[in-house]
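Keeping their order, the protein sequence lines are chains A and B. Using the working numbering, the letters of the first sequence map in sequence onto residues 1 to 363. Using the working numbering, the letters of the second sequence map in sequence onto residues 364 to 676.
Since the hints were made in silico from the structure, they are not lab data. Predicted model only: the values in this text are computed from it and were never measured. Treat the hints with care, since some could be wrong.
Residues from chain B that keep clear of chain A, each with C-beta distances beyond 12 Å, as calculated [stated by the list, open to error]:
#	residue
1	GLU404
2	GLN524
3	GLU532
4	LYS607
Okay, the calculated bits of chain A under chain B, using three or more residues with CB under 8 Å as the criterion [said to hold, decoys possible]:
#	segment
5	180-192
6	196-210
Beta carbons are placed, not taken as given, at the ideal position from N, Cα and C, and that holds for glycine.
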Amino acid sequence: MEKENNKTKKVCFPHMGNYFIAFKEIVEPLAEIISPPPITKKTVELGTRYGPESACIPFKYNLGNYIEALDKGANFVIQAGGGCRFGYYGEVQEEILKKLGYEFEFFKFPNDYNFLTLARALQKINPKVSIVKILYSLGLAYFKIRAIDKLDDYVRLNIGFEIEKGEFEKTFKLFLKDLEKDKKILSIRRTQARYLKLLKNIKLNKPKNPIRVVILGEVYVVMEPFSNFNIEKQLGAKGVEVHRHSSLSTTIHDLFFNKRVMKEFLEKARPYLRNDTGAHGTETVGLAHHSAKAGFDGAIHIKPFGCMPEVNAMSALHRISNDYKFPIIYFSFDSQTSETGVKTRLEAFYDLLIMKKQKNEQR
Amino acid sequence: MEKIKIGLPRALLYHKYHIFWEDFLNRLGFEVIVSPETNKEILKKGVSLAIDESCLSLKIYLGHIDWLLSRVDYVFIPRIVSLEKKEALCTKFMALGDIARNTFKKEIKTIEYTIDIIEKQWEIFGILKAFSKFEKNPFKIILAYRAAKKLERETEEVKIQKQFTQIKEADNEKPTVLILSHPYTTYDALLGKPIVEFLKKQELSLIYADIVPKKEAMELSKNISRDLYWTYNKELLGAIEYYKDKIDGIVFLMVFPCGPDALVVNLCQHKIKNVPITVITLDELEGDAGLKTRLESFADILKIKKIQDGKRK
Chain A
1 MEKENNKTKK
11 VCFPHMGNYF
21 IAFKEIVEPL
31 AEIISPPPIT
41 KKTVELGTRY
51 GPESACIPFK
61 YNLGNYIEAL
71 DKGANFVIQA
81 GGGCRFGYYG
91 EVQEEILKKL
101 GYEFEFFKFP
111 NDYNFLTLAR
121 ALQKINPKVS
131 IVKILYSLGL
141 AYFKIRAIDK
151 LDDYVRLNIG
161 FEIEKGEFEK
171 TFKLFLKDLE
181 KDKKILSIRR
191 TQARYLKLLK
201 NIKLNKPKNP
211 IRVVILGEVY
221 VVMEPFSNFN
231 IEKQLGAKGV
241 EVHRHSSLST
251 TIHDLFFNKR
261 VMKEFLEKAR
271 PYLRNDTGAH
281 GTETVGLAHH
291 SAKAGFDGAI
301 HIKPFGCMPE
311 VNAMSALHRI
321 SNDYKFPIIY
331 FSFDSQTSET
341 GVKTRLEAFY
351 DLLIMKKQKN
361 EQR
Chain B
364 MEKIKIGLPR
374 ALLYHKYHIF
384 WEDFLNRLGF
394 EVIVSPETNK
404 EILKKGVSLA
414 IDESCLSLKI
424 YLGHIDWLLS
434 RVDYVFIPRI
444 VSLEKKEALC
454 TKFMALGDIA
464 RNTFKKEIKT
474 IEYTIDIIEK
484 QWEIFGILKA
494 FSKFEKNPFK
504 IILAYRAAKK
514 LERETEEVKI
524 QKQFTQIKEA
534 DNEKPTVLIL
544 SHPYTTYDAL
554 LGKPIVEFLK
564 KQELSLIYAD
574 IVPKKEAMEL
584 SKNISRDLYW
594 TYNKELLGAI
604 EYYKDKIDGI
614 VFLMVFPCGP
624 DALVVNLCQH
634 KIKNVPITVI
644 TLDELEGDAG
654 LKTRLESFAD
664 ILKIKKIQDG
674 KRK
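Only chain A is shown next, with the shape it has when bound in the complex:
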């Protein structure tokens, strides 16, 4: 009887960038997975229709994912949690979905979790699976996330300069496919090394001194390309070297493995910040200050509309931009943001960077 109970659990969780295959690793041993369809305009529309008006955009994406997955037959919903508003998403989303008439169980990560408490909590989904197994799958997921980020970083820096267009993307897709099959830490490492080599073999036509831009901001919109209208790809197509620190692996690293990193960001943010401004705000300011000093050409700050920590950081960013004559462009995304608007502003920003660069070189 009990066994049957576990079998009927059909778990779903939201999309975020390419990380879906890593999250899958955690849940797979526990229960069946119903993956929500890829994010489309419809996802946002669903989230916007049923979500609170002034909730930030990741809330709406997540909610849309859930609705689409529940329609596909899922009956168990997973939501993580964290600083700022993210930790409170769960309860509100649960109420909204219940009101819509879905029948499901809701699982939210415990507040203040570490690997062990998280594994313990996950065990409740399926008590038959041993805690060691869950910890192992958490480890696998972590290594997959790291592999994805490692390669993604390389792609981001070079995709603008490939000679044969589309080669990077093709290789990266193959990599994700292979990575999905890996079930051992060692084989993940091997896949990572193999594809990194393949990527490095792709011929580049890179000028000595390309335009270098840093992407800053709130992690969800930074990591989910659909939510930022593929800003990185658009920049790449123009021949820009795109740098970015925030990714899931650095977030996990900073939160669990090396908490000193946060203090270092605060150090870097001086004298613009004296105290932590919450969630990733400090990181944003620290990185902006650092990259302004390091001679980057400009920065792009992206966030969901009304994101509390990032708005806090913006007053400091304005000042950094002023003091170092460092161009920063600000995008804030919600369900009403139009793609053309973003594109136009991005193009103008690119033109500005080019002109500034030429002017500096002439001197």
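With the hints as your guide, set chain B onto chain A.
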């Protein structure tokens, strides 16, 4: 010797802690200057200074600081990160000092200290550190702190008792309405006060969600929300539970765009079923005709409901 002038912006947490702050600073021999009630000038200045997407309350706060700058030596900006274990506040309260310093650059001199119970930074330590350069004798600071805290407690108690007697003596004809919003919205001259005045004219009896026995409210809030971790919102939700048998309606005042409230209000609308709720979102665009119509019709609904309920009994 001339007294050092310390400025308190009449916005945000001033409305919650002003008794303690004023009394404490006075006891230490400072001259306390409080900015005037929010007016259109202050709002306009604040809007022009702040980042567009900041919440209206923060914009007003910056406007108040701007008013104070030319008149005081220091601006008093405590930084509150957490007041209870495993709880937090809106992130703007932890960034206020940095926002102010970045907005006003070198013109501003601040007195800041941090309260963060999670990191074991208690208020008294922060205060001792922040005021050590003005007052050499730490015992004086501690005494002033304790006396001011005592005064704060007593005033709170009086307020609660007053609200209780008001509920007791309320005649049964008038519907009772709970004003549910942060004190910095309710008591602001430009945001909450006009609405409160208007509702009073509609012959409603008003009680305030921020006047409630705090500890009990915090416990009771769990009946509505399981995971809520914003201390101030928890108090407000607790107040709904605390007063729920005595009220006929709830008016939720929310500034745009308030991060925590956006989610909490939605949850309330789903979970509270037997009390009518209206949600009023305030922004810097004026024009209150639509607002008044809504409030009037809400008041009418409550009155009709009250009469019908009375007949049924």
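To see whether the hints hold, each was checked on the structure:
no.: 1; hint: GLU404; in the structure: holds, 21 Å
no.: 2; hint: GLN524; in the structure: holds, 33 Å
no.: 3; hint: GLU532; in the structure: holds, 37 Å
no.: 4; hint: LYS607; in the structure: holds, 18 Å
no.: 5; hint: 180-192; in the structure: violated (count 0)
no.: 6; hint: 196-210; in the structure: violated (count 0)
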